Amino acid sequence: MNSLTQLNISCITVLPNLKQSLSITLQHFYPCASNLVCPPQPNKPHILYVNDESSVNFTVSEWSNANFEQLIADHPREVSIYHPFVSSFPPTRTLEDGTRLIPLMAIHVTFIPNFGFGICIGIQHVCTDGKGFLNLMKAWSSICKTRGECLSSLGKDSLAFQDRSVMKDPNGFEHTFLKEWWSRDESDQKEDETGSIQFTPSHHDKVRATFVLSKDHVEKLKQLVSLICKKEENETLHLSTFVVTSALIWVCMVKSKEKESKTDDEDELYHLTFGIDCRSYSGSPLTYFGNCVAPCYVPLKRGQILGENGIVEAAKAIGEKVVESKTSALTWIGKRGSDGMKMEYSNKIPMAGSPKLGGYETDFGWGRPKKLEAVHIDEADSVSLAESRDMEGGVEVGVVLGRAAMNEFNTRLRHYLKIFTG
Numbered sequence: 133m134n135s136l137t138q139l140n141i142s143c144i145t146v147l148p149n150l151k152q153s154l155s156i157t158l159q160h161f162y163p164c165a166s167n168l169v170c171p172p173q174p175n176k177p178h179i180l181y182v183n184d185e186s187s188v189n190f191t192v193s194e195w196s197n198a199n200f201e202q203l204i205a206d207h208p209r210e211v212s213i214y215h216p217f218v219s220s221f222p223p224t225r226t227l228e229d230g231t232r233l234i235p236l237m238a239i240h241v242t243f244i245p246n247f248g249f250g251i252c253i254g255i256q257h258v259c260t261d262g263k264g265f266l267n268l269m270k271a272w273s274s275i276c277k278t279r280g281e282c283l284s285s286l287g288k289d290s291l292a293f294q295d296r297s298v299m300k301d302p303n304g305f306e307h308t309f310l311k312e313w314w315s316r317d318e319s320d321q322k323e324d325e326t327g328s329i330q331f332t333p334s335h336h337d338k339v340r341a342t343f344v345l346s347k348d349h350v351e352k353l354k355q356l357v358s359l360i361c362k363k364e365e366n367e368t369l370h371l372s373t374f375v376v377t378s379a380l381i382w383v384c385m386v387k388s389k390e391k392e393s394k395t396d397d398e399d400e401l402y403h404l405t406f407g408i409d410c411r412s413y414s415g416s417p418l419t420y421f422g423n424c425v426a427p428c429y430v431p432l433k434r435g436q437i438l439g440e441n442g443i444v445e446a447a448k449a450i451g452e453k454v455v456e457s458k459t460s461a462l463t464w465i466g467k468r469g470s471d472g473m474k475m476e477y478s479n480k481i482p483m484a485g486s487p488k489l490g491g492y493e494t495d496f497g498w499g500r501p502k503k504l505e506a507v508h509i510d511e512a513d514s515v516s517l518a519e520s521r522d523m524e525g526g527v528e529v530g531v532v533l534g535r536a537a538m539n540e541f542n543t544r545l546r547h548y549l550k551i552f553t554g
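Heads up, the sequence shown is in the numbering used here, so the first residue is 133 and it goes up one at a time.
Hints in this document: simulated from the structure, not taken from any laboratory. Possibly wrong hints are sitting among the right ones.
Straight-line Cα separation of at most 16 Å, EDC-like style, residue types lysine to aspartate or glutamate; simulated pairs [said to hold, decoys possible]:
id	residue 1	residue 2
1	Lys389	Glu452
2	Lys389	Glu540
3	Lys502	Glu201
4	Lys503	Asp295
Beta-carbon label-pair distances, calculated as ranges [claimed, not checked]:
id	residue 1	residue 2	range
5	Glu452	Gln152	20 to 30 Å
6	His508	Asn199	20 to 30 Å
7	Asp348	Ala512	44 to 54 Å
If you're wondering where the values come from, they're calculated on a predicted model, not measured in any experiment. All residues carry an ideal CB built from backbone N, CA and C; glycine is no exception.
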């Protein structure tokens with residue numbers, strides 16, 4: 133049976149249900165099918181949905197030469213193997229008055245004959261954050277699996293809360309952000325607007341790998357950090373799975389790149405960056421669909437990270453920032469967001485995702501995904517976090533590094549995990 137026939141069968145049996153269920157889902161998650169409208173100042177950017185006009189770019193292709201086992205593997209492999217799956221956004225349109233219309237979501241479905249298919253979704257962060265995106269995916273997959281004909285087939289926990297008036301701004305941070313946005317020149321704004329990942333020649337030297345921490349690893353890491361802190365007579369810290377996992381990975385990332393470092397200054401600052409979901413303590417519903425994350429920038433001196441208790445120091449610094457975010461969520465969001473727009477952070481390790489998001493809970497009717505990959509972390513030496521697919525309470529860590537640094541990272545991480553379980 134040739135590949136064309138395989139694709140035709142897939143189109144007949146799979147695509148109609150995928151498209152129909154997506155159409156139903158977007159009736160409720162309609163910002164995804166909208167455009168971001170950026171008019172000339174002093175008018176504010178806004179999201180616009182137009183009935184019978186707004187849509188999502190949906191591309192279908194076949195990749196007959198793909199190595200499926202490589203795609204779902206954990207070992208290091210070239211980052212470029214995922215690039216053919218990436219969705220492409222339609223170009224930004226510019227109206228006569230200078231207003232720019234920017235699509236917010238694009239989807240690419242790639243069929244791999246005799247194995248399955250991959251779904252790659254590109255979404256502009258202005259539309260929603262990670263939690264909102266996963267709620268969208270869970271709703272879409274649920275409707276697809278049950279072949280639901282309407283949104284009534286979903287529970288209340290799956291429906292999006294769209295009223296953005298619940299997000300209060302008593303300190304006027306919107307004005308601060310708008311001033312910063314308008315102060316940028318047009319080329320900077322357009323760079324921020326592009327939704328498609330821009331792959332560069334530097335990606336050819338990079339590999340990605342997946343590392344899985346078991347629940348036992350995480351619990352023993354928490355115990356170790358807590359024990360050392362008590363010996364130092366420190367107060368009990370916020371030691372969540374996210375905090376201790378991030379601390380461990382941050383230290384391993386820094387040490388893996390130490391051979392490339394151009395400094396021996398122990399006071400030089402390194403930064404871990406990530407987003408904190410503020411729904412539970414900002415007054416917005418847990419099903420709020422939009423951006424409700426605070427950008428977090430954790431600084432730590434090089435000497436502290438590379439020191440004997442580097443993981444403990446990192447966990448303390450990360451935990452303090454997480455606790456700080458809970459004290460006054462909206463003020464903190466505005467302050468950190470404003471700081472992030474003004475400052476350039478050196479020695480930065482970006483971290484995406486969270487073990488709490490539940491990406492592997494998406495089942496379109498063919499079982500859970502074989503693998504989740506955050507392709508956008510290819511743009512920098514970055515990390516992604518997700519819950520483990522196969523181990524309850526475990527954490528799946530995606531890492532992108534140069535090949536030599538990845539080998540060093542693997543050695544460092546295995547060394548630490550051996551200590552924890554030893």
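Cross-check of the supplied hints:
| no. | hint | in the structure |
| --- | --- | --- |
| 1 | Lys389 / Glu452 | 25 Å, violated |
| 2 | Lys389 / Glu540 | 8 Å, holds |
| 3 | Lys502 / Glu201 | 10 Å, holds |
| 4 | Lys503 / Asp295 | 33 Å, violated |
| 5 | Glu452 / Gln152: 20 to 30 Å | 48 Å, violated |
| 6 | His508 / Asn199: 20 to 30 Å | 22 Å, holds |
| 7 | Asp348 / Ala512: 44 to 54 Å | 31 Å, violated |
In this structure, the hints that do not hold are numbers 1, 4, 5 and 7, in rising order.
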